[in-house]
Amino acid sequence: MPNDIIFTVNNLKVHFDISSPFITRLINGAPKLVLKAVDGLSFRIRRGETFSLVGESGCGKSTVARAVSGLYSVTSGDIIIDGQNLAEVKNKSKITDISRRMQMIFQSPYASLDPRWRVRDIIAEPIRAFGLAKNKEDERSQVEKLLRQVGLSERDGEKFPHEFSGGQRQRISIARALSSRPEFLICDEPTSALDVSVQAQILNLMTELQDELGLTYLFISHDLAVIDHISDWIGVMYLGRVCEITPKAALFSNPLHPYTRLLLETIPDLKGNNKRSPLEGEVPSPITPPSGCTFHPRCPFAKERCKRERPELITLGESQVACHAVEEKRL
Amino acid sequence: MRKEQTLTWWGRFVDHDVTYSFLHSPVTVIASIVTVLMIIAAFCAPVLTSYTPFVPGSLNLLDAFMPPAWEPGGVSEHFLGTDGQGRDILAAIMYGTQVSLTVGLLSVLLSIAIGIPLGIIAGYNGGWVDTAIMRIADIQLTIPPILIALMIDGVTRTSLSSEVHELVAIPVLIVSIGLASWPQYARITRSGAMVERRKDYIAAAQLIQTPTALILLRHIFPNVVGPTLIVATIGVAVAIIIEATLSFLGVGVPPTTPSLGTLIRIGNNFLFSGEWWITLFPAFTLVVLVLSVNLIGDWLRDTFNPKLR
Amino acid sequence: MAVVDISNLCIEFPTRRGVLSAVENLSLSIEAGEILGVVGESGAGKSLTGNAIVGLLEPPGHVTAGTIFLNGRDITHLRESEMRKIRGAQIGVIFQDPLTSLDPLYTIGRQLTQTILTHQDMTRAEAKKRAIDLLIEVGIPAPEKRFDAYPHEFSGGMRQRVVIALALCCEPCLIIADEPTTALDVSVQAQIITLLKRLAREKGVATMLVTHDMGVIAEAADRVAVIYSGRLAEIGTVRSIIDNPQHPYTKGLMDSIPQIGQNLKSLPNIVGSMPRLDDRPSGCAFNPRCSKSKDICRRELPNMIAAGDTGQSAACWIYAEGDEYA
Numbered sequence: 003m004p005n006d007i008i009f010t011v012n013n014l015k016v017h018f019d020i021s022s023p024f025i026t027r028l029i030n031g032a033p034k035l036v037l038k039a040v041d042g043l044s045f046r047i048r049r050g051e052t053f054s055l056v057g058e059s060g061c062g063k064s065t066v067a068r069a070v071s072g073l074y075s076v077t078s079g080d081i082i083i084d085g086q087n088l089a090e091v092k093n094k095s096k097i098t099d100i101s102r103r104m105q106m107i108f109q110s111p112y113a114s115l116d117p118r119w120r121v122r123d124i125i126a127e128p129i130r131a132f133g134l135a136k137n138k139e140d141e142r143s144q145v146e147k148l149l150r151q152v153g154l155s156e157r158d159g160e161k162f163p164h165e166f167s168g169g170q171r172q173r174i175s176i177a178r179a180l181s182s183r184p185e186f187l188i189c190d191e192p193t194s195a196l197d198v199s200v201q202a203q204i205l206n207l208m209t210e211l212q213d214e215l216g217l218t219y220l221f222i223s224h225d226l227a228v229i230d231h232i233s234d235w236i237g238v239m240y241l242g243r244v245c246e247i248t249p250k251a252a253l254f255s256n257p258l259h260p261y262t263r264l265l266l267e268t269i270p271d272l273k274g275n276n277k278r279s280p281l282e283g284e285v286p287s288p289i290t291p292p293s294g295c296t297f298h299p300r301c302p303f304a305k306e307r308c309k310r311e312r313p314e315l316i317t318l319g320e321s322q323v324a325c326h327a328v329e330e331k332r333l
Numbered sequence: 206m207r208k209e210q211t212l213t214w215w216g217r218f219v220d221h222d223v224t225y226s227f228l229h230s231p232v233t234v235i236a237s238i239v240t241v242l243m244i245i246a247a248f249c250a251p252v253l254t255s256y257t258p259f260v261p262g263s264l265n266l267l268d269a270f271m272p273p274a275w276e277p278g279g280v281s282e283h284f285l286g287t288d289g290q291g292r293d294i295l296a297a298i299m300y301g302t303q304v305s306l307t308v309g310l311l312s313v314l315l316s317i318a319i320g321i322p323l324g325i326i327a328g329y330n331g332g333w334v335d336t337a338i339m340r341i342a343d344i345q346l347t348i349p350p351i352l353i354a355l356m357i358d359g360v361t362r363t364s365l366s367s368e369v370h371e372l373v374a375i376p377v378l379i380v381s382i383g384l385a386s387w388p389q390y391a392r393i394t395r396s397g398a399m400v401e402r403r404k405d406y407i408a409a410a411q412l413i414q415t416p417t418a419l420i421l422l423r424h425i426f427p428n429v430v431g432p433t434l435i436v437a438t439i440g441v442a443v444a445i446i447i448e449a450t451l452s453f454l455g456v457g458v459p460p461t462t463p464s465l466g467t468l469i470r471i472g473n474n475f476l477f478s479g480e481w482w483i484t485l486f487p488a489f490t491l492v493v494l495v496l497s498v499n500l501i502g503d504w505l506r507d508t509f510n511p512k513l514r
Numbered sequence: 015m016a017v018v019d020i021s022n023l024c025i026e027f028p029t030r031r032g033v034l035s036a037v038e039n040l041s042l043s044i045e046a047g048e049i050l051g052v053v054g055e056s057g058a059g060k061s062l063t064g065n066a067i068v069g070l071l072e073p074p075g076h077v078t079a080g081t082i083f084l085n086g087r088d089i090t091h092l093r094e095s096e097m098r099k100i101r102g103a104q105i106g107v108i109f110q111d112p113l114t115s116l117d118p119l120y121t122i123g124r125q126l127t128q129t130i131l132t133h134q135d136m137t138r139a140e141a142k143k144r145a146i147d148l149l150i151e152v153g154i155p156a157p158e159k160r161f162d163a164y165p166h167e168f169s170g171g172m173r174q175r176v177v178i179a180l181a182l183c184c185e186p187c188l189i190i191a192d193e194p195t196t197a198l199d200v201s202v203q204a205q206i207i208t209l210l211k212r213l214a215r216e217k218g219v220a221t222m223l224v225t226h227d228m229g230v231i232a233e234a235a236d237r238v239a240v241i242y243s244g245r246l247a248e249i250g251t252v253r254s255i256i257d258n259p260q261h262p263y264t265k266g267l268m269d270s271i272p273q274i275g276q277n278l279k280s281l282p283n284i285v286g287s288m289p290r291l292d293d294r295p296s297g298c299a300f301n302p303r304c305s306k307s308k309d310i311c312r313r314e315l316p317n318m319i320a321a322g323d324t325g326q327s328a329a330c331w332i333y334a335e336g337d338e339y340a
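Chains as they are written, first to last, in this note's numbering: chain A, 3 to 333; chain B, 206 to 514; chain C, 15 to 340.
One chain only, chain A, in its complex shape (with noise of 0.2 Å):
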């Protein structure tokens, strides 16, 4: 079912111009630095499903995040949502209702509102931007509904955001994204600054928004066992560029890349079972990528071709796996 695929993102490249200014570079002679941040990436998600995006600090999938809601320009590679390309598309209209069909939560609590706007302000914002309520009344029942939609009172409206806790502003922070009514939820670690008690308060109430409102969500996260609650597909992302992509059970039960069994090797087990084995090594510049496949010097199945060649993504059953090793059948 093709058109069951609300959100297409094709070779996706973002890449950064982080060189000193001209006249400086020119002095010195230095080269033009490009800090590839995310580096050829390509995922679909189909609607009302959560696909997540998976890594560690520095792998670049905040950076898809801003440049697939439109915060950072792409220098290529196609988004497509709902059959339409975003880079093709010219008329404000449409921009403006595209814009209006996808929303962003962000990380901190504390950064992700206006300080001196009252929190009514705050959630009609979008409403007024798209010009979503008929009049003042209208706006004001709209307001009041998605304060209770999110587990607050109405009266929390008249409030400013210092006045809640970290846990309570997240969910002001939904209440506005949810405001213009979209389709589409870009969520980039949304619950990492909060605490484990309070997390699970949002995290559920992700999960029932997304029943109630038949909400697809691309979530980003470094919590592989947020990750493993609250998703359909999982993306593992290294260096700029998706290594895997499965579905949650065939990710945790089988993950095929090595990347992946490193990631899923170095979660602090609960159970106390200590045999947790680290291994040495921290992800390298993204400015100064290793050759070929950018994991190979950590790969303990690194060989030859794998400082050569870049690895594609091949298809394995229901996965994706950009690994020369899982392709020579080695692993």
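Careful: at least some of the hints might be erroneous.
[Said to hold, decoys possible] Computed list of lysine-lysine pairs in DSS-like fashion (alpha-carbon distance at most 25 Å, straight line):
| hint | chain 1 | residue 1 | chain 2 | residue 2 |
| --- | --- | --- | --- | --- |
| 1 | A | K273 | A | K309 |
| 2 | A | K161 | B | K404 |
| 3 | A | K147 | A | K161 |
| 4 | C | K308 | C | K265 |
| 5 | A | K161 | A | K138 |
| 6 | C | K99 | C | K142 |
| 7 | A | K309 | B | K404 |
| 8 | A | K15 | A | K34 |
| 9 | C | K143 | A | K273 |
| 10 | A | K250 | C | K279 |
| 11 | C | K159 | A | K273 |
| 12 | A | K15 | B | K404 |
| 13 | C | K159 | C | K143 |
| 14 | C | K217 | C | K142 |
| 15 | C | K265 | C | K143 |
| 16 | A | K273 | C | K279 |
| 17 | A | K147 | A | K136 |
| 18 | A | K250 | A | K138 |
[Said to hold, decoys possible] Chain C residues, not near chain A, derived (Cβ > 10 Å throughout):
| hint | residue |
| --- | --- |
| 19 | D19 |
| 20 | P74 |
| 21 | G86 |
| 22 | R87 |
| 23 | L92 |
| 24 | D111 |
| 25 | L119 |
| 26 | T121 |
| 27 | A141 |
| 28 | R144 |
| 29 | A156 |
| 30 | R215 |
| 31 | V230 |
| 32 | K308 |
| 33 | D323 |
These aren't lab readings, by the way, just hints derived from the structure by calculation.
The structure displayed is predicted, hence computed values, not measured ones.
Glycine is no exception: its CB is placed at the ideal position from the N, C-alpha and C atoms.
Here the structure of chain A is known, so what remains is to put chains B and C in place on it, guided by the hints.
Relative to chain A, chains B and C alone:
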């Protein structure tokens, strides 16, 4: 919960941390009272005193060089004495403070009216816009206000008749002081805007296609204006000093509508002939005024933005 | 004898709206070679406890009651100059953000030798050798080469290792690690935890590991203290707390942690949020969120008593003797 609702705005105001901090800083309380009294005395001068020291016809040369009331020869009608033309010193100070305050306030208003928008635009956009605006600010900073005032004063003095020149003297002062000090407000606002633009509430506003002008006006401006206004309070004191300096040098306010600086200059001529009161009282007023405004500014800065210290 | 022994510690913050009691009647001790995990939500007072031990409470916070003994010596109200000696020589401190503990202007080699020379009688060459040994010990590759590098030239994980090396300079008997892994990636996290564990086992360092991450606790700690709203809720061995929590708060906390392969539609969670310090309910601070709360829970503060059959103690009326909780 109930407690919050029953409080009126006055109750909240009294209970507020800022009010508390204010009331527990006696120096600030005294400085504020002094400042308010001086503002009242300055702007209500026509009501508070019957003397009109700067209407030449109302002066009597027989009253000239009267010492203050408590000195031998002083009279209670002229409490702080009179100057060489029989002007009442107290009334002259009241009118002079009015001119000084007007110049100080308006020039700071002009500075922030230029500095805040430019700072916000530079900080939010970054890149070459930022570089361009901040280079202009740097160039501006290299020209001291006294120089600008001297230049503008020189041009207007030669190109305009003396009546017109006296008429435009105060606006010229305001413009030259205002122009000279906008870069510092631009800098503070810029650094604030650079911090705010990275926060996610700005991203949220960008996501829903909010026009940049509205983001600047509704999100960035309210969040960066506070520290700038605090610095502006101290800026008023600085502007008053600059004005006094210029007037003392004779390039500022003309003697027909003297400011505190002009009064000090006039009195300076009589200092060595024993008429000390003509220059001392205006000078003392200037010191108290500037000190009070500065103390209020310091308190505002410490209370709202301790990091600026 | 315990390396550090805290009893009935109270920390208060006087404000103009009244005194906030941030930590109340907290008692715990750490033996040599033991890692005690201290867990709780943000604002529960876990970091304050660590800061109180090393005398780094931010004013106006101060210890109002209780004692802190370090190797039998009362260090509760030492003067700052005395405390500084102890901080350098006997207690090592590791904070969440490695950058706050390192001076960006000096090479890490200089910072290490400087610290060693301040507290120990050594020549410069000996100090350098000791510094390099420390860098080897915390697992920094090619330490001779990295000796003259500045903090910004290190990655996050390596920086945290340097901070640990700094903390180890003078062979402390107690390490206070305040969220040492929170800013790090999972794979690096594992490396740091392994390092902390090795130090405890091999050198007999007592470690207080303050964190909100139960995964880290499960892996590193021997015993766990759970703090709720400034009070000790439960304390016991790591297995008893994780596998068999007795205090209703600990139970709720454990249930709310998502686990791989759990496949739950919705996560169990504790309704509501931790009360603000100035708004603590009477009796047990957890009573408004507790499904088992009774009259006595709202009236009286529970004491720490033995709870369950796995040896831990909890501050909960459920486990009170007789029929007080009926």
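(request) Report the numbers of all earlier hints that the structure fails to satisfy, in ascending order. (result) 1, 7, 9, 11, 15, 18, 31
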